[in-house]
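J.: Chain by chain, the residues run as shown.
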Amino acid sequence: MSQPLDRTHRTEPLGKIDSAAGEFWTHTFEMPKRGDNLSAFEPNKLFLNVDGKRFLNASFASQADIDSDSRSVMVGDFDGDRAPDLLVGSVGGGPLRLFLNRFPGEHHRVNITLRGVESNRSAIGARVTIEASGQTIVRDHFAANGFMGQSPARLNIGVGSARTIEKLTMRWPTGRLQVFHDLPVDCDVVIVEGSEKFELARQDAAN
Amino acid sequence: MLGYANSLLSSNCAAVDMKQLWIPILIVLTIITAISWWYRNSTPTQPSRSTSNFSSLDETKQKEIWDAEHATFEIETYVGQKLISALQNRTADRLGDCFRRGFEGDIPGRSHPSTVEKSSINETVCSADSENVDAGGFIEFLIEGIGDIREMQEGRFRVLKIARSKKNGKNTDEWQLSVLLTVGGLTSQGSRITYDLAGRMSCRFSNDDDIIAGKIIESWRVDSETTRRSQKPLMEEATARFGLDRLPIADNWTSGRDRIRQYRFQTAVEDFNGDGFLDIAIATADDKEFLLQWNSASKKYDDITAIAGLPLQLVTNNRAYLACWFDFDNDGDADLLLGETLYENVKGEKLRAVSNNGGLELEFNPMGCVVADYDADGLLDLYVLYQRPEIENHQTTPGWVSDDTTGAGNQLWRNRGDGTFIEMSRTARATGGNRHSFAAAWLHANDDHYPDLYIANDFSRNSFLINQGDGTFHDSATEAGVGDFSTSMGVAAGDIDADGKPEIYVANMYSKMGRRIIDHVSSDDYSEGIHRKILGSCAGNRLYSNSDERGSNSDERGSNSDERGSYHELSEQLGVNAVGWAYAPAFIDFDGDGLLDLYATTGFLSFDRRKPDG
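As they're listed, the protein sequences go chains S and H. Using my numbering, read the first sequence as starting at 1 and increasing by one per residue. Using my numbering, read the second sequence as starting at 208 and increasing by one per residue.
Among the clues, some could well be false.
Unchecked claim - Under the rule of at most 20 Å between Cα atoms (straight-line distance), these lysine-lysine pairs were calculated in the PhoX-like manner: (1) H:K325 with S:K53; (2) H:K270 with H:K422; (3) S:K16 with H:K818; (4) S:K33 with H:K818; (5) H:K270 with H:K368; (6) S:K16 with H:K268; (7) H:K289 with H:K422; (8) S:K16 with H:K270; (9) H:K818 with H:K289.
FYI, nobody ran anything at the bench for these hints, they're computed from the structure.
In isolation and in its complexed conformation, chain S is listed as follows:
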């Protein structure tokens, strides 16, 4: 990496340079002009959480391992099948590229739509804790912005093989707690702050 702070500076090499093979030592920082690669063509990574204690590098199988200087990633369900997809922003190779979720398996999901009343209406800052088939899942409800790209705030929660959510604890942004029991999966659940019942919406995946 040849980017001295002073771009006009030249350094005498301390050893051999294999210019024929493209080795560049004495360049100043002239990447655009000379087209020198810097951390170039690095594929984006996709890591699968195996058991909360280690991740499996699944980039090679993802098709989302594009190597075009990506900057942002927006996560959301773009095709309405409740599985999260990726919209990837890059400065090369196409500005926005959409990758739809095609993960195999029979896992169930639930979309939880929150409506704050005392809390902000979008319920940004809520925490949802789910207990289903012996598994506990904790999600904080924010619109993530990892860098230069904001994802929609959604609680799109996978529950594995569970066919029902035994217990759901809502902590609203104001701090109010609410507990719900026996919620279905593979559907959209609407929860309104202060209301003791939840509503069901859209039980079949739309296309």
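Dock chain H against the given chain S, drawing on the hints supplied.
T.: Structure of chain H alone, referenced to chain S:
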């Protein structure tokens, strides 16, 4: 690419006492500083020929590092290509051309592999029951290892570490390397497969010609052989099908080299019109803006920028190209901050500029913004991140290895509920300390319902603003053990192990060469605390966890082991460290098993696949 060494030999970045800091600062930190510097300045400043900063640099060590990097380049280029092409053709004799007479191999047994299966991916690792083999046995092992790869699509041979052996204090022709061989492709059934061989190698050569001839490998000890197979692709690209393939947004790969940019646009995704489908707002650094709406009839995105009443040209006096949806007026639809203009959503049909911009006055070149109701009053507030002031207020170049606080303060805009905002960052102690902020993530770091904020900073430690619940924040990055020095570009938070304590994943700069060079220096070479920061500057991505069951795992790559707080850094242990020159990460449960997975973007500037990389 070895030009790295140039930066370590040619900086004029004075200001701080760099006498003992030469290499690392220049290796790693200058990359970023130089790059940001370069992008700020369209014309070079006065040329300077001074190299006085390096007068204290030990010449022998300079030369050693230079030689090692040169050797790396030659080995990766010539021996690497030879190995890859021989593997591709399965030609045993061509592979044999790389091994010296008397070659000693050390290979793991394949009878008791450890296996992981997840989402139709099968990973097999062989690392135990090793045995010694000769060249023939080693070649047989290699060819057998890649036996299932019918069509090889990629192959790389990388030198991760390199050091010259010495005898009686003098250089020998023998070199010790840590190497990684990766090949990947398709099986005969057409499914994806990758093969990684991590190990140590001993090479002997007296000059470049020896390397070019290729017969230099004396021994190769394999530490682990990893094979990963996938039955089917996990995702499917739908860019063109959804009508996103012809967006009129400039692209470095087609724009021409005089129009290269590090960043080009910000994007925000929400359901603008309440039809249940996601819409996309974009603001670009060259002053364009777009609103793309999902059309359920054509099943494509339509450009409705003008229809929604947005100007096609983004108006900004501050180089602001923010994109952020948030329902600031609590009426149930998503309002939009685009560029630096706040728009109110009118019935999911129009976006109407809010009068007086709601009082929002942005500073120069905001990097992004994040939304939460920090004071729990039922109104969404806005936190805006800044890198540096428009006119920098320091006379000298900042000390990059210190905790640089010459950036711009971030803004906290409190929503007053009457359609206006008021800036509270100083009262709330939420500026982040002028640390060149790039990105931030709200999370619930503790048991209260007030949201906390982790901020990824360039050039300095990161910030961890714990919400005190009284309208103020306390930066506890150091005591919590999450403020390690690094050059951070992105951050995500999510609870990976369901204990109610979200993990924090920070995207950092990482450089292959930086890692290699840093292996040549030690804490003896630097004054107190500096070495740790240097290590941190090519640390790779970090994952902080404060789960109770995790043991202490303070690493040697810049973590504050002596100041370790409640968090542990676990990126290597969890296998999420080596991403590259990383930007936005995201936690996502891809496979619906209830466990959050990760996606991590990376890559700085790519120009030519035929040229070497740096």
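J.: All hints are to be evaluated individually against the structure, with a verdict given for each.
T.: Hint check:
no. : hint               : verdict
1   : H:K325 with S:K53  : holds, 14 Å
2   : H:K270 with H:K422 : violated, 25 Å
3   : S:K16 with H:K818  : holds, 19 Å
4   : S:K33 with H:K818  : holds, 14 Å
5   : H:K270 with H:K368 : holds, 17 Å
6   : S:K16 with H:K268  : holds, 16 Å
7   : H:K289 with H:K422 : holds, 10 Å
8   : S:K16 with H:K270  : holds, 11 Å
9   : H:K818 with H:K289 : holds, 17 Å
The structure shown violates just one earlier hint, number 2.
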